[in-house]
Amino acid sequence: MTMIIGEGAEDINIRMPKDIYDNSNHESTFNVYLTVVVRDNKGRVIRTHRQRSHSPTANFRTAILPEQWYRETGTSASWTNTSGTTNTIISIPDGSHSLISYPNSNTNYQTYLVGIMVGSGQQSNPESAYKLAAPIANGTGAGQLIYQPPTLPSQIMINGNSAYFYIEQTYVNQSGGTVTITEVGIVVEVYITKYTGASTATYNQGNILMWYDVLSSPISVPNGGSVTIYFTFMVNP
Amino acid sequence: MVTPDLMSEEDITKLIMPDNLPDEQTFKAYVEAKIYDKEGHVIDYRRQPMRSLTQYFLAFLSIALLGTYSGSSSTTAQSLLTNVLGMPSKQSSNGSADIGYSWSIQLGSGTQSFSPTLNSLAAPIANGSGAGQLTYGQTIVSYSGLTINVSVTVTNYSPTTINVTEIGLIGSIILEYDSSSNTYASATFTYLFSYDTFSPAVTLPPGAIATFQIVLTFSG
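Sequences listed follow chains Y and Z, in order. Residue numbering for the first sequence follows this note's numbering, starting at 1 and increasing by one per position. Residue numbering for the second sequence follows this note's numbering, starting at 1 and increasing by one per position.
Watch out, some of these pointers could steer you wrong.
Within a straight-line C-alpha distance of at most 30 Å, the following computed DSSO-like cross-link-like pairs (lysine-lysine) qualify [stated by the list, open to error]: (1) Y/194 / Z/90; (2) Z/14 / Y/42; (3) Z/28 / Z/14.
Don't read these hints as lab results, they were simulated from the structure.
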């Protein structure tokens, strides 16, 4: 904690130097972990890998911005889908606004988790990433993996002051050779509805990369084996 | 790390929730307060790490990470929205239904032990000019890169000194739907996203103005 009192601190625009932020004593309030479990063709665990995941994308930021930002700035935010198409999220002050689709009894446009995508490339700036550098296709061809559906959490687990949930997805290698994973990303299909006066229209935003990580070491999946990837999101770890 | 033998499912479960790892933090957050007296002089400045996010913040983030539906052909909400946030599995509507968000900062004069299921401040300071009240300005949200700033300016128009001992980031999810023939209605679901305390208390004498800011930085 920092306290400044007196005339020396009268500058209304005062900004503290970054190093006053005491990282050594900082209790991180939110962390994300990536866990990878590789199994051979008999289902035996042959490798595990853990690392800190720390790479939300700019798309993720757009997805959580509250209406105050649109109202105050009068501008639009945007995101770019995995096809490279950039769509804007329009602002509220002119009476128009965009909202994310929600399940209902009448007309449904599913905004849903497509899955944890895996790839064999890498890119250095996760914030600006909108797709994997070299996505591994779903299939049994050379270099491909069979994507099983992702498993969504049903609850948030509480452990003391900590709370967490995780997403998991398994991939089976029937390609005939070893497949190596070097990058992973969470992709969500998004629909938004634009309200303009009394009219509404719903737009498919496509597959949006929300989170992206390069693995700290490549993961090789043997032919006939499988790999399961877990993303754990935790507060107050 | 290589494990040559079988690993039990129990061991794998432990891996999913690992201990501290020597890597860059995912997220940093701090709480800041600047207090000016009625002449505009800075009389106090605080900056401290944020320590306490709730399960509701986590469930809110799940909207961006999991979407709102439980699957590609589902017509029901993913479980964290219903089980944690208490939102409807399926909103009754004559057309589509959609959600947006609103954030604000709430100040309080009480204290309480933190729990990730905490859903309110111990003693919220009401908006007004009466005894023990503060006049809240608009909540301002800005961002730069992956840093999101949320701030509010409050003024003590009451005749007495007010001590602020707690601060919370409040998040609302606004669910809009078509109630009848293109007539839109909305339902608002409000949660406590974070809870932090000031020790010693932030003191606002009569006429004082204070800006409270919560800064959330994703590492990127």
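Name the hints, by number, that the structure is in violation of. none
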